[in-house]
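Under UniProt numbering, the first residue of the sequence shown is numbered 1, with each subsequent residue one higher.
Treat each hint with caution, since some may be false.
Here are the simulated BS3-like pairs of lysine-lysine, each with C-alpha atoms no more than 30 Å apart in a straight line [unchecked claim]:
#1 Lys-45 with Lys-101
#2 Lys-133 with Lys-11
#3 Lys-101 with Lys-133
#4 Lys-152 with Lys-136
Each pair of labels, with its calculated beta carbon distance range [stated by the list, open to error]:
#5 Phe-171 with Gly-6: 20 to 30 Å
#6 Arg-113 with Leu-194: 28 to 38 Å
#7 Leu-36 with Gln-193: 54 to 64 Å
#8 Met-70 with Asp-10: 18 to 28 Å
#9 Gln-193 with Tyr-129: 15 to 25 Å
#10 Gln-40 with Gly-121: 38 to 48 Å
#11 Ser-54 with Gly-6: 51 to 61 Å
#12 Asn-67 with Leu-194: 38 to 48 Å
The hints are simulated quantities; they were obtained by calculation from the structure and are not laboratory data. Idealized CB from N, CA, C, for every residue including glycine.
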Amino acid sequence: AILSDGRKFDKFSSDYCEKQAEIWQSKSSKRRHLALVKSQQDANKKVLGAKSLSDYRNWQKANVAKNRYMSRITNQRDDYLHKITDQLVKEYDVIVIEDLKIKNMTKNHHLARAILRQSWGRFRDMLEYKCKKYGKILIKVNPAYTSRICSKCGKDTGKKPLSVREWDCLFCKAHHDRDINASINILLKGLAQL
Numbered sequence: 001a002i003l004s005d006g007r008k009f010d011k012f013s014s015d016y017c018e019k020q021a022e023i024w025q026s027k028s029s030k031r032r033h034l035a036l037v038k039s040q041q042d043a044n045k046k047v048l049g050a051k052s053l054s055d056y057r058n059w060q061k062a063n064v065a066k067n068r069y070m071s072r073i074t075n076q077r078d079d080y081l082h083k084i085t086d087q088l089v090k091e092y093d094v095i096v097i098e099d100l101k102i103k104n105m106t107k108n109h110h111l112a113r114a115i116l117r118q119s120w121g122r123f124r125d126m127l128e129y130k131c132k133k134y135g136k137i138l139i140k141v142n143p144a145y146t147s148r149i150c151s152k153c154g155k156d157t158g159k160k161p162l163s164v165r166e167w168d169c170l171f172c173k174a175h176h177d178r179d180i181n182a183s184i185n186i187l188l189k190g191l192a193q194l
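Use the sequences and the hints to build the structure in full.
Now the structure itself:
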């Protein structure tokens with residue numbers, strides 16, 4: 001989250017747990033494959049008392065370890081999002097956010113993992129219910145052109161690739177950080193709706 005006053009909240013990161021979950025996911029899938037092969041061999045040989053997939057302890061252990069790390073990541077992410085949304089709702093009476101179509105954005109396979117990992121939808125849902133709870137105003141605005149319009153002069157400076165993080169306005173020569181400029185434009189759009 002980036003605020004119009006220039007404050008930035010760091011992205012959620014749980015590197016250790018994510019690495020461990022990845023390792024155990026790999027182990028789980030390998031052990032599952034071995035268990036399936038073994039149970040298929042037993043079925044082909046018509047062994048009495050052939051084991052089913054749930055009887056293989058190594059696969060079960062790997063699955064339990066993977067699930068433990070995945071739930072730990074989820075709990076840490078939820079805790080981080082609760083802290084940010086609590087702080088925002090307590091500090092501001094009016095909060096303006098982009099009405100992003102997250103489902104459409106995740107169709108881009110280059111961005112999908114990063115978007116889903118940060119839980120943008122969960123962040124928006126938390127803001128919505130906390131604003132209702134504390135009697136604050138939450139405004140959703142159309143995200144179109146928020147990062148291309150100069151927040152100083154209001155001119156459209158054209159489309160820029162995501163790799164361009166800072167730029168200078170061609171008209172008023174103001175220097176902008178892409179995210180902060182977009183957050184100011186989002187705020188201005190939201191205040192115009194009041």
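Hint check results:
For the proposed pair Lys-45 and Lys-101, the alpha carbon gap of about 53 Å is over 30 Å, so the pair is violated. This hinted pair checks out: Lys-133 and Lys-11 have alpha carbons roughly 26 Å apart, not beyond 30 Å. Restraint check for Lys-101 and Lys-133: satisfied, since their Cα atoms lie roughly 24 Å apart, inside the 30 Å limit. Restraint check for Lys-152 and Lys-136: satisfied, since their Cα atoms lie roughly 28 Å apart, inside the 30 Å limit.
One distance hint, 20 to 30 Å for the beta-carbon pair Phe-171 and Gly-6, holds here, with the actual separation near 22 Å. About 36 Å separates the C-beta atoms of Arg-113 and Leu-194, a value consistent with the hinted range of 28 to 38 Å. Checking the proposed 54 to 64 Å range against Leu-36 and Gln-193 shows it holds: the Cβ atoms sit about 56 Å from each other. Between Met-70 and Asp-10 the CB atoms are about 22 Å apart, so this pair conforms to the stated range of 18 to 28 Å.
The hinted window of 15 to 25 Å between Gln-193 and Tyr-129 holds, with their beta carbons roughly 21 Å apart. Take Gln-40 and Gly-121: their Cβ atoms lie about 40 Å apart, and the range 38 to 48 Å holds. The hinted window of 51 to 61 Å between Ser-54 and Gly-6 holds, with their beta carbons roughly 54 Å apart. For Asn-67 and Leu-194, the hinted distance range of 38 to 48 Å is satisfied, since their beta carbons lie about 46 Å from each other.
Comparing the model with each earlier hint shows a violation of hint 1 alone; every other hint is respected.
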